[in-house]
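Chemist: Read off the chains here:
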Amino acid sequence: MINGKDVSKESTRQRREAGLAYIPEDRIALGTSASASITDNIIVDRYFKSDFSKAGWIRYSFAMTHCRELIHRFDIRSPSVLFPVGLLSGGNIQKVILAREFTSDPSILVVCEPTWGLDVRSIRFVYDRINEMKTKGAGVLLVSSNLDEILTLADRILVMCGGRVVASLANDRALARREIGEYMMGIACQPEFEEVEMSNRHA
Amino acid sequence: MRKTLISLMTVAIALAVGVLAIALTSSSPREALKYFFTGPFLNAYFFGNMITRAIPLILTGLAASIAFSASAFNLGLEGQVYFGAIAGTLLGLTMGSVPVWLTCVTIMIVSFAVGGGIAAISGYLKAKWKVNELISSLLVSYTLINIGDALLEGPFRDPRAGLAASSYMDSAIRFPRILMPSNLHAGLFLVLAIAVFVFLAIRFSRLGYEIRITGSNISFGAYAGIHVRKVVILAMAISGALAGLAGMVDVLGVHGRVIRGFSSGYGWNGIAVALIARRNPILVIPAALFFAFLTSGAEVSSFFTDMSPEIARIIQASIFYLVTAEGLLTFLKKRREATS
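If you read the sequences in order, they're chains A and B. Read in order, the letters of the first sequence are residues 8 to 210 in this note's numbering. Read in order, the letters of the second sequence are residues -10 to 329 in this note's numbering.
No lab work stands behind these hints: they were computed from the structure. Mixed in with the good hints, there may be bad ones.
Stated by the list, open to error - If you want the footprint, here are the derived chain B segments under chain A, 3+ residues with CB under 8 Å:
1) 186 to 200
2) 203 to 214
As the list claims (entries may be wrong) - Examples of chain A residues lying across from chain B (beta carbon under 7 Å, computed):
3) T19
4) R20
5) R23
6) G26
7) L37
8) S40
9) S42
10) V51
11) D52
12) F59
13) S60
14) G63
15) W64
16) I65
Said to hold, decoys possible - Below, a list of computed lysine to any residue pairs in the SDA-like style, where the Cα atoms sit at most 20 Å apart:
17) K(-8)/B - A41/A
18) K61/A - R201/B
19) K219/B - R22/A
20) K61/A - I2/B
21) K12/A - E24/A
22) K61/A - K117/B
23) K16/A - A211/B
24) K(-8)/B - S44/A
25) K16/A - K117/B
26) K219/B - R20/A
27) K56/A - F193/B
28) K219/B - L114/B
29) K16/A - L196/B
30) K56/A - G11/A
31) K219/B - Q21/A
32) K61/A - L196/B
33) K56/A - S194/B
From a predicted model like this one, the values you see are computed outputs, not experimental measurements. All C-beta atoms in this analysis are idealised placements derived from N, C-alpha and C, irrespective of residue type, glycine included.
So here's chain A without its partners, still in its complex pose:
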């Protein structure tokens, strides 16, 4: 459901148009096309819109101006907007993905392992952008194995163990790392989720 609309049977494009954005875990295999230029990577979710194309032809002058702006805004270090994404550093590749996914005006953002393998500066940058989206009112679903990252960014934490959600916790100061750890290890389980476990076993 996105903005009250059921999208489970829609195509990927329709889901994106409905306001879904997704930053995948694997930024090389899924998030970008390494041999394509930065411009081609950024316009992939918008090239068909009227600003970007006219009578079946892509307006590259407009697209490149658009991408130059985004390169500046997202601090992507690259010699040009036509530079192949695969030759950029990991942090810059991730910023190209952010520049695309965060500027499509999403209402739901699914973000997977956004800082995996990045340097401290880039991590800081990614966190700032995610917080920015939060304040703009977008729903962010952060999927991460980095506990510090989750504690920094999340409002509410769902802990999963063995493929199931075992706890739902509010992220406040009182929350102890130890407590999350116990849920993660399967030592503890919140009662409302235990029910699910029991009924699953019977079935």
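Once you have looked at the hints, place chain B on chain A.
Modeler: The following block gives chain B in isolation, referenced to the frame of chain A:
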């Protein structure tokens, strides 16, 4: 830059193999080599015929390039060329009192559509049931070649002709000759225009963009919302359509009728042309000219010396080995990088 160098190396090594083969087989290798390299430029006849040879190869080279750009392999070019030409010619023979230009345009459109339809079958099977398009296009193509041969031997054979061929189409339909006394015909301009258009379309059109993205990383295309299955079918269809047109242009420009097996090799050489040109539609033009030069050089040389015209095949085969080996190496390297 490095890639261009590899392409040039491929060509140079293949030529060296050819020179070696000529030196070993000819009794007067110096003469044979001289005619092999200079022959196509000796006079307007040889030169015009060399360019004429390149015309269908440019189209099949473009056809292969487009499919490759979408990471689809259309190995059925041979059948699409042949059947496109047969369908168009048969229509041309039955269309009666219609203005000549209309007949000409119609039969080109029909050959375009028939070639495209044949290739679209393989594209559809791939999209729908993940049937490997490499195999399906190849098998469909072989079947169609045999059906085409049967048609030309049987129902559509001109009883007055000494070989298995259809009747001649009205000579007014055919493309005008532009370099007498050679076979060079006005289809050249059409083909060059198509090459430029394909180049622009792949770079700047919406479908071209979708083809490039799908070909460079299909998971990325699907993730971003491109209808990748549709793109693969379309790329195959356009590829087949250009192949069908290649056969028809050759018939309209050179033969005036379909002769059994007239297009044999157009498809395979088109694939080699696309590989040398690295899928770049503009570079397909010089690559096709180079292939035509090899065939023409060997032909001229065999006129004047005891050299066998099959030398051209040896050189083409070496090119084929080199480009496919290099393609395989790049592929393996990519896979190694992806898994490590």
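Chemist: Evaluate each hint against the coordinates.
Modeler: Outcome of the hint check:
1. Requiring three or more residues with a Cβ within less than 8 Å of a Cβ of chain A, the coverage given for the stretch 186 to 200 of chain B holds, as 5 such residues are present.
2. Note: the stretch 203 to 214 of chain B has 9 residues with beta-carbon separation from chain A under 8 Å; the three-residue rule is met and the coverage holds.
3. For T19/A, the interface hint holds, the least distance from its beta-carbon to any beta-carbon of chain B being 4 Å, beneath 7 Å.
4. Among the interface hints, the one on R20/A holds; its C-beta lies about 3 Å from the nearest C-beta in chain B, closer than the 7 Å criterion.
5. Annotation: interface hint on R23/A holds; nearest CB of chain B at approximately 5 Å, less than 7 Å.
6. Interface restraint check: G26/A against chain B, minimum CB-CB distance 13 Å, threshold 7 Å, status violated.
7. Interface hint at L37/A: satisfied, since its Cβ lies 5 Å from the closest Cβ of chain B, which is below the 7 Å cut-off.
8. Given the 7 Å rule on beta carbons, the hint for S40/A holds: about 4 Å separates it from the nearest Cβ of chain B.
9. Because the closest C-beta pair between S42/A and chain B is about 5 Å apart, less than 7 Å, the hint holds.
10. About 4 Å separates the beta-carbon of V51/A from the nearest beta-carbon of chain B, less than 7 Å, and the hint is met.
11. Because the closest C-beta pair between D52/A and chain B is about 5 Å apart, less than 7 Å, the hint holds.
12. Using the Cβ-Cβ criterion of 7 Å, the hint placing F59/A at the interface with chain B is not satisfied: the shortest such distance is roughly 9 Å.
13. With a cut of 7 Å, the hint placing S60/A at the interface with chain B holds, because the nearest CB-to-CB distance is about 5 Å.
14. Here the hint on G63/A is kept, as its CB sits about 5 Å from the closest CB of chain B, short of 7 Å.
15. Taken as an interface hint, W64/A checks out: its beta carbon lies about 5 Å from the nearest beta carbon of chain B, inside 7 Å.
16. With a least beta-carbon distance of about 6 Å to chain B, the hint placing I65/A at the interface is held under the 7 Å criterion.
17. This hinted pair checks out: K(-8)/B and A41/A have alpha carbons roughly 17 Å apart, not beyond 20 Å.
18. Straight-line distance between C-alpha atoms of K61/A and R201/B comes to about 19 Å, which keeps the hinted pair within the 20 Å bound.
19. This hinted pair checks out: K219/B and R22/A have alpha carbons roughly 18 Å apart, not beyond 20 Å.
20. For a cut-off of 20 Å, the pair hint linking K61/A to I2/B is broken: about 46 Å separates their Cα positions.
21. Distance hint between K12/A and E24/A is fulfilled; the C-alpha atoms sit about 12 Å from each other, no more than 20 Å.
22. A C-alpha spacing of about 31 Å is found between K61/A and K117/B, which places the hinted pair above 20 Å, so the restraint is violated.
23. Pair hint K16/A plus A211/B holds up; C-alpha atoms about 15 Å apart against a cutoff of 20 Å.
24. In summary, the hint linking K(-8)/B to S44/A is supported, as the alpha carbons are separated by about 18 Å, within the 20 Å threshold.
25. Taking the CA atoms of K16/A and K117/B, the gap is about 18 Å. The hint holds against a cut of 20 Å.
26. For a cut-off of 20 Å, the pair hint linking K219/B to R20/A stands: about 13 Å separates their Cα positions.
27. Taken as a hint, the K56/A and F193/B pair is honoured in the structure, with Cα atoms around 15 Å apart against an allowance of 20 Å.
28. Straight-line distance between C-alpha atoms of K219/B and L114/B comes to about 12 Å, which keeps the hinted pair within the 20 Å bound.
29. For a cut-off of 20 Å, the pair hint linking K16/A to L196/B is broken: about 25 Å separates their Cα positions.
30. For the given pair, K56/A sits about 24 Å from G11/A by alpha-carbon distance, which is inconsistent with the 20 Å threshold.
31. Between the alpha carbons of K219/B and Q21/A the distance comes to roughly 16 Å, so the proposed pair stays at or under 20 Å and holds.
32. Among the hinted pairs, K61/A with L196/B is consistent with the structure: their alpha-carbon atoms are about 12 Å apart, no more than 20 Å.
33. In summary, the hint linking K56/A to S194/B is supported, as the alpha carbons are separated by about 13 Å, within the 20 Å threshold.
Checked against the numbered hints given earlier, the structure breaks hints 6, 12, 20, 22, 29 and 30 and satisfies all the rest.
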